[in-house]
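There are 2 protein chains.
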Amino acid sequence: MQKSAVLGIGQIKVQEHWDKSLRELAGEATLFALEDAGLNRVDGIFVSNMLSGTANKQAQLGALIADWIGLKYSESIRLEAACGSGAYAFRNAVLAIASGQIETALVIGVEKMTDSPSAEITSALATAADADWEVDMGVSFVALNALIMQRYMHEYGWQTSDFAAFSINAHANAVHNPYARFNKTITEKTYQNAPMICDPINLMDASSIGDGAAAIVLTSSERIRNQSPKICVVGSAAATDSISLQNRNDLVWLSAAEISSKAAFKQAGLSHSDIGVFEYHDAFTIMAALALEGSGFCERGEAPRLANDEEIRINGQIPVATRGGLKARGHPVGATGIYQIVEVVQQLRGVAGETQVPRNKYGMAQNIGGSGSNIITHILARE
Amino acid sequence: MQKSAVLGIGQIKVQEHWDKSLRELAGEATLFALEDAGLNRVDGIFVSNMLSGTANKQAQLGALIADWIGLKYSESIRLEAACGSGAYAFRNAVLAIASGQIETALVIGVEKMTDSPSAEITSALATAADADWEVDMGVSFVALNALIMQRYMHEYGWQTSDFAAFSINAHANAVHNPYARFNKTITEKTYQNAPMICDPINLMDASSIGDGAAAIVLTSSERIRNQSPKICVVGSAAATDSISLQNRNDLVWLSAAEISSKAAFKQAGLSHSDIGVFEYHDAFTIMAALALEGSGFCERGEAPRLANDEEIRINGQIPVATRGGLKARGHPVGATGIYQIVEVVQQLRGVAGETQVPRNKYGMAQNIGGSGSNIITHILARE
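Protein chains in written order, with our numbering: chain A, 1 to 383; chain B, 1 to 383.
It is possible that part of the hints are untrue.
If chains are identical, the list can't say which one is meant, so a pair holds when it fits in one copy or spans any two.
Listed below are the simulated SDA-like cross-link pairs for lysine to any residue, each with C-alpha atoms no more than 25 Å apart in a straight line [what the hints assert, rightly or not]:
# : residue 1 : residue 2
1 : K57       : L147
2 : K189      : S221
3 : K3        : V234
4 : K57       : S271
5 : K57       : V135
If you are wondering where the hints come from, they were derived from the structure by calculation, not from laboratory data. Since this is a predicted model, take the numbers as computed values, not measurements.
Could you build the full structure based on these sequences and the hints that come with them?
Spelled out as structure tokens, the structure:
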């Protein structure tokens, strides 16, 4: 089996890009990645996107983007697992390289969300929930996360204010990331004064949508065997859970995080203490907490303690959201999983500047679709 | 590299399934496939669908369907390349098995189209065209195919009546397929009297949408090495072209069919005369003609002659649409590519009944997204 190595990364700033079309966003990130890789063609393209059919009235982004970036005729497919689309596209590229049929792959995550009316985007995002059993009852996607957070607080006795530390950390790191949507810090006071969106989730618990694109060029590790150091994919695994909360075995436990992270650790032959950076999926602070717990970085119900003890900071036990996370870098849904891996690569390359983590041999990225129904975990290593 | 073998197939009748939800359609086809395979679990699931985000307000079909069929926690992703989604999902499963990371895969194509108002489905199908450069100008998806057909007739001198043979063949074969939407023959008179949809495409040139689902269980050929005969995937390739017609090098030539079929033939070490059945993508009769030409089964501009000489019939030079094709089996867009491969497997197993092809060692399936922008070709062999 061919092991994958990252040859190039590219990203654009997450923001409202009203002057650029969907394909232009994807094209910019891709050209950065190809330039970084020193390539002008690839064997296969994997595009990650959630909403283009609804928000942009455009299907088959594979062909659309291949043409736009000058790679017409290359094979190119779009993958979708709601907000977990990015890492799933990356995983399929890893498998394609492992097959030996494809030597170089381009993975592109892109989402253009801010041209559509808010109500339309809220409705489109609700397609991540169960249309028949949840959305038809009038529940929005935020409301589902609010139910989980409410239950979590009830079970473990935490207050809303205990979740502020996740967002404060994310914003503190985003200040130093030129690609982040928000380059400003927030304080506990900002959190306390934040307007309520869906009790108990307030505006500072929630990540921000945005337009964005990120891209990665992958190749077989063998192809660049003389290059050192190189960033390799040493663990890749995915798992699902039921979309509808009523079908979950445990409302406050991400089974798919547990399954996929255990599988990735096993493949990599590593343990939690090896991981120097964890780009988790903090779409809401409750998801940040559950990702840490489900992936085994702390015990059940202990994630807010980890955050409040500053163990999630750059110099802590497990640095998270080191470039701002979904909260402050922004969450262009189908692109997010690719941003996460790009950011882990930056850390392993040692180019993360002010928010460079001290232990940067191994990093983990975990992307979540729905409120835990699709979870994909990757471990990367500097070799 | 692990070669893939088909362990099981399943399908349901293409029709208006108003009494069944999207997940129920997928579930039925899947249970048939798992039963045929003699399995009750798989390592990875690949779901093919084009329109669920718009027509069914449901994203992440991977998790949705995994849960419904009792395989919660399995990894499961949705792939999309408009009407070419099916074969692309199949190809990604083939690559995953080739990687050695996944031993058994389930590929499910599903589409539920008839619950939505026609105008909404027409608009959703138009997302297969270029939103910025084509659809914004008011062109529907049928209109794009009409432009191609018009040009083809102009270049090669054929009349509309010359295209009737493609549809007559499809309907003649569908009579014997219990899963086909239309179990009735049509004649030249039916074709002549058909209402015009978009000149020169009439109702008998166009395939019919429908609700449908088909599924395939794949495993590594090695895993069932003692089973004989077995149906193996010996060629798998995909290519893109520009979505917008204005960006094509040649309006009446499917470059992506040429590239992907040549690659598949090369992998298989076979030539055209080896292929005993070709399940092509006759979304419109013009696409049937272009698929035959682009894939090298006849010279440019000669496909209508092949059809009128009855060389596409069951006992002809290259039998096509042997179970009805898109025209008469029906075209539940995201499921179509899986139906095609299921039908090739039926032929290679020798269970195609009245429409069994005489030479059934090798078969080809070719699925098209857009009006030629995503083309995926597979060659299967009985070994």
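Each hint, compared with the structure:
no.: 1; hint: K57 x L147; result: between (32 Å within a copy, 22 Å between copies)
no.: 2; hint: K189 x S221; result: neither (48 Å within a copy, 62 Å between copies)
no.: 3; hint: K3 x V234; result: both (8 Å within a copy, 24 Å between copies)
no.: 4; hint: K57 x S271; result: neither (44 Å within a copy, 40 Å between copies)
no.: 5; hint: K57 x V135; result: both (22 Å within a copy, 9 Å between copies)
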